[in-house]
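Student: Make a model of the complete structure from these sequences and hints.
Counting with the UniProt record's numbering, you get residues 1 to 118 for the letters of the sequence shown.
The hints are simulated quantities; they were obtained by calculation from the structure and are not laboratory data.
From a predicted model like this one, the values you see are computed outputs, not experimental measurements.
There could be a bad hint or two in this list.
Unchecked claim - The calculated DSBU-like cross-link candidates involving lysine-lysine, where the alpha carbons are at most 35 Å apart (straight line), are:
| id | residue 1 | residue 2 |
| --- | --- | --- |
| 1 | LYS9 | LYS47 |
| 2 | LYS12 | LYS31 |
| 3 | LYS12 | LYS47 |
| 4 | LYS31 | LYS47 |
| 5 | LYS95 | LYS9 |
| 6 | LYS31 | LYS95 |
| 7 | LYS12 | LYS95 |
| 8 | LYS31 | LYS9 |
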Amino acid sequence: MHVYSSMYKYHKFHHIFDNILLPSIGNATSKEEFLLAYVVPTFVAGKMVTINEASFIISVFIISLFNLFIHCGPLQYVDWAPGFISPQHHHLHHKEKSKHYSAPLINYDSLFEKKMST
Numbered sequence: 001m002h003v004y005s006s007m008y009k010y011h012k013f014h015h016i017f018d019n020i021l022l023p024s025i026g027n028a029t030s031k032e033e034f035l036l037a038y039v040v041p042t043f044v045a046g047k048m049v050t051i052n053e054a055s056f057i058i059s060v061f062i063i064s065l066f067n068l069f070i071h072c073g074p075l076q077y078v079d080w081a082p083g084f085i086s087p088q089h090h091h092l093h094h095k096e097k098s099k100h101y102s103a104p105l106i107n108y109d110s111l112f113e114k115k116m117s118t
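Tutor: Written out as structure tokens, the structure is:
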């Protein structure tokens, strides 16, 4: 969403709130971003694996919950499993808009760093 200006125009609404990070900001997406970043990947995943109503609801719940978590305060007492994004890391995304794109679950930066260093 940041790399291509044609996509960023849909994501920039989310960054209106960079100075006040609250959990509800995770839901601040344009309808275009919601479709591109959430609906299309869910639809594609549904075509790749068999899903039922329960697995769909659980996956939406997990993504929504982590979207709230990554927009919380530091949560420094929570040990995040390797490969998952923490609120501290996602806050870097709001400060440095040219990198740290990981959200809402996977820390792509750490995955790519490990892959590049091996």
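Student: For the pair supplied as a hint, LYS9 and LYS47, is the alpha-carbon distance within the 35 Å limit?
Tutor: Distance of about 28 Å is within 35 Å: holds.
Student: Is the straight-line distance between the alpha-carbon of LYS31 and that of LYS9 35 Å or less?
Tutor: OK: LYS31 and LYS9 at ~12 Å, within 35 Å.
Student: Need the status of pair LYS12, LYS95: alpha-carbon distance at most 35 Å?
Tutor: Between LYS12 and LYS95 the Cα gap is close to 13 Å, so the pair holds against 35 Å.
Student: Starting from LYS31, check that the Cα of LYS95 is at most 35 Å away, please.
Tutor: Status holds; Cα separation ~23 Å.
Student: Check whether the Cα positions of LYS95 and LYS9 lie no farther apart than 35 Å.
Tutor: holds (18 Å)
Student: Would the hint linking LYS31 and LYS47 be met if the CA-CA limit is 35 Å?
Tutor: Distance ~22 Å between LYS31 and LYS47 Cα, so the pair holds.
Student: Do the alpha carbons of LYS12 and LYS31 lie within 35 Å of each other, as the hint requires?
Tutor: holds (12 Å)
Student: Quickly compare the C-alpha distance for LYS12 and LYS47 to 35 Å and report which way the hint goes.
Tutor: OK: LYS12 and LYS47 at ~30 Å, within 35 Å.
Violation of the numbered hints given earlier is absent; every hint is satisfied by the structure.
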